[in-house]
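Produce the complete structure using the sequences and hints provided.
Protein chains in written order, with the numbering used here: chain Y, 1 to 369; chain Z, 1 to 284.
If you are wondering where the hints come from, they were derived from the structure by calculation, not from laboratory data.
Keep in mind that the hints are not guaranteed to be accurate.
As the list claims (entries may be wrong) - Derived, one-sided and incomplete: chain Y residues facing chain Z with beta-carbon distance under 7 Å:
1) Cys91
2) Val134
3) His135
4) Pro165
5) Asn166
6) Met169
7) Val170
8) Thr171
9) Glu172
10) Leu173
11) Leu175
12) Ser176
13) Asp178
14) Glu179
15) Lys196
Note that the structure is a prediction, hence the values are computed from the model and not measured.
Positions of the beta carbon are idealized from the N, C-alpha and C atoms, including for glycine.
Each chain is listed here by its residues.
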Amino acid sequence: MGKNLGVNLQDSWVLSLALGGELASHGYSRGAESHFPSCVAGGAGGDRVVSVPSQSFLGVFRSLPSLEKTVEKCLISLNPQASRLVVQLHCKYGVTKTHNLSFQECELLQAVFNKELCTNTLRAPARVLVDAVVHFPVMLAEVTLGVSPAGKVSFRNYLDEDTEPNRTMVTELCLSEDEFQDVQVQQQSHVTFCLKEFRGLLSFAESSNLLLNIHFDSPGRPAIFTLSDPLLEVHLVLATLSDPNSSSQVRSTTLQAQPANGAFPPATPDDDFTGDDIDSFMIAMETTCKEGPGLPSSPTFPQRRPHPGAALESESSAMESDLEGAVPGTPPQKKFRSLFFGSVLTQSQAGTHPGPSQDVLAEDSEGES
Amino acid sequence: MRFRAKIVDVACLNHFTRVINTIAKLAKTCTLRLTVDKLYFILTDKVANGGVSMWCELSQGNFFDEFQMEGVAAEYNEIYLELTPENLSRALKTAQNAKTVKIKLTNKHCPCLTVAVELPSLSSSSRIVTHDIPVGVIPRRLWNDFREPSVPDFDVSIYLPVLKTMKSVVERMKNLSNCIMLEANLNGEMNLKIETDLVSVTTHFKGLGNPPWVSEDGSQNSTQDRDPESMAEARIDIRKLLQLLAGQQVNPTKALCNIVSKRIVHFILLHEEVSLQYFIPALA
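Below, the structure written as structure tokens:
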């Protein structure tokens, strides 16, 4: 039986471990140090969600080359008495490195989104998109992606209300639909999202040579970026700026104190951490939109199935910030919420061995049951 | 007013980019003057610039494949724009492998210099990146402010030492003091001196050579009467000097400076297609 321990990392890192089975956890870093520690979970625990500073967690896995050479298995467990998340790296030559990370309890969070509902989809090799965003300044916060049914895809730097239009350089890049593997566009639209997060995802995707899918709708609705690989599937959901002039604003009754910059209201009042540093926590939002039957209301963890060999599988829950739903509270400091979690396609791959090219670092601690 | 120019050659693009990068290091905003044959990057000696002024001249034919300029009026066939060279530098930075780069004066939400970069792509159609750089159009009545500075009546003119060496010396001196004394004589000797309460450091350069100047009327230069050992000196802001030296991306063909004792130092850096003049006033 799989019990879940959701580890919610601060700074929009979400990592979820299911204890007691075949699960591994994956933590993704935004920057160049994306890597896959493979881990084995053991022991039973209740359903809990804890929050761990992502820097501490990532610090454990910092040096990928040396990890690959020396770590044989990784054990992540919770030590509730000492309030510590324990990460043990069992290395060669009998060396065990134990890291004790302090955590904070938090609420279980879930993502409510459905990429099937998005009207526009783009698919391209990460390389194409990396080459596209290279033309934008490194410090640029937001970028606007525009599409038209004629097959034109453009990226443009977003000027927020603080910048003077008469003094700021505007850069626009146009790509033809030939550069994409797939372009499905219903009607002309544009969405503005955080470039920094997008760049992070791109550098990860490029290093693994993956295809990136972008699903989006209209301004204000989240944009969903996915990567898939035989071993894992990555979803990044970024909030997009709502268009204050758009008539589709009807449902976005969120606070509009600063409509132009699309500030996102925080969680419901009974949330534990409204007062805390908003940047550090993902916030669950009530949403009025009907996302469809694809998403159950409880944390979605697929059935635990035994995997021969070392299938890597991870689950995570994440939160989303959607504009829907009027929520009281002080607006967060940051404009965009993003979440990033990795989950591995499990049901479809249950019972299959990982590809021979996968570097199997850890073995399932439990046999077939 | 119309301006359209196109660069097709990779080497020209590269060279032009390096010129722009140098300008961007010397001035936050400057004036771009366009004539039929030349481009000028001008910085006037306003207080805001710390008294420093710059005059950089390029022949358009050496860089552009196509160059069309129509000035404000027939008898004033020039365009003066106020521009932030850093923007131009950024636009060109990722254009180094472009098929073509077009620069034109446009009027979007405001007057802009639009840089349109056509990049190679795997698909049949090229990838186009456009950068709209806001510029200010300088009205004709202010054009007089931007005249070419005349060569001052200097006391000593001397070739500079190898810029890289000079730069590394000045860089180290910068840590010790804000002012540097630059002195030189007609014997090809130059000293860079800093002096603080605790320490004084001098670097001596010899055998630099003095450029021959001939004044317009052909008569002998007054500096010929000067004692060749006598040093002309000026104390200048070390950061301004370092800005000039650090901004050089390519070694100039000729580099010299003219010193007006206690008044101003006039630097002239000549490359094959670009000439740069930089004036640093002496500190009180």
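Now for the hints, and whether the structure bears them out:
The closest approach between the C-beta of cysteine 91 of chain Y and any C-beta of chain Z is roughly 43 Å, which is over the 7 Å cut-off, so the hint fails. Checking valine 134 of chain Y against chain Z: minimum C-beta separation of about 6 Å stays under 7 Å; hint holds. Taken as an interface hint, histidine 135 of chain Y checks out: its beta carbon lies about 5 Å from the nearest beta carbon of chain Z, inside 7 Å. Evaluation of the proline 165 of chain Y hint against chain Z yields a held restraint, the C-beta minimum of about 6 Å falling below 7 Å.
For asparagine 166 of chain Y, the interface hint holds, since its Cβ comes within 7 Å of a Cβ in chain Z; the closest pair sits about 5 Å apart. Restraint check, methionine 169 of chain Y versus chain Z: the minimum CB separation of about 4 Å is within 7 Å; hint holds. Hint status for valine 170 of chain Y relative to chain Z: holds, with the closest Cβ pair at about 4 Å, below 7 Å. Proximity of threonine 171 of chain Y to chain Z holds as hinted, the smallest CB-CB distance being about 5 Å (cut-off 7 Å).
The interface hint given for glutamate 172 of chain Y is met, as the beta carbon of that residue sits about 5 Å from the closest beta carbon of chain Z, less than 7 Å. Hint on leucine 173 of chain Y holds. Least Cβ distance to chain Z is approximately 5 Å, under the 7 Å limit. For the restraint placing leucine 175 of chain Y at the interface with chain Z, the shortest Cβ-Cβ distance is roughly 6 Å, inside the 7 Å limit, so the hint holds. Look at serine 176 of chain Y: its Cβ gets to within about 5 Å of chain Z, closer than 7 Å, so that hint holds up.
For the restraint placing aspartate 178 of chain Y at the interface with chain Z, the shortest Cβ-Cβ distance is roughly 3 Å, inside the 7 Å limit, so the hint holds. Annotation: glutamate 179 of chain Y was flagged as interfacial toward chain Z, and the flag holds, the nearest CB pair being 5 Å apart, inside 7 Å. With a cut of 7 Å, the hint placing lysine 196 of chain Y at the interface with chain Z is violated, because the nearest CB-to-CB distance is about 18 Å.
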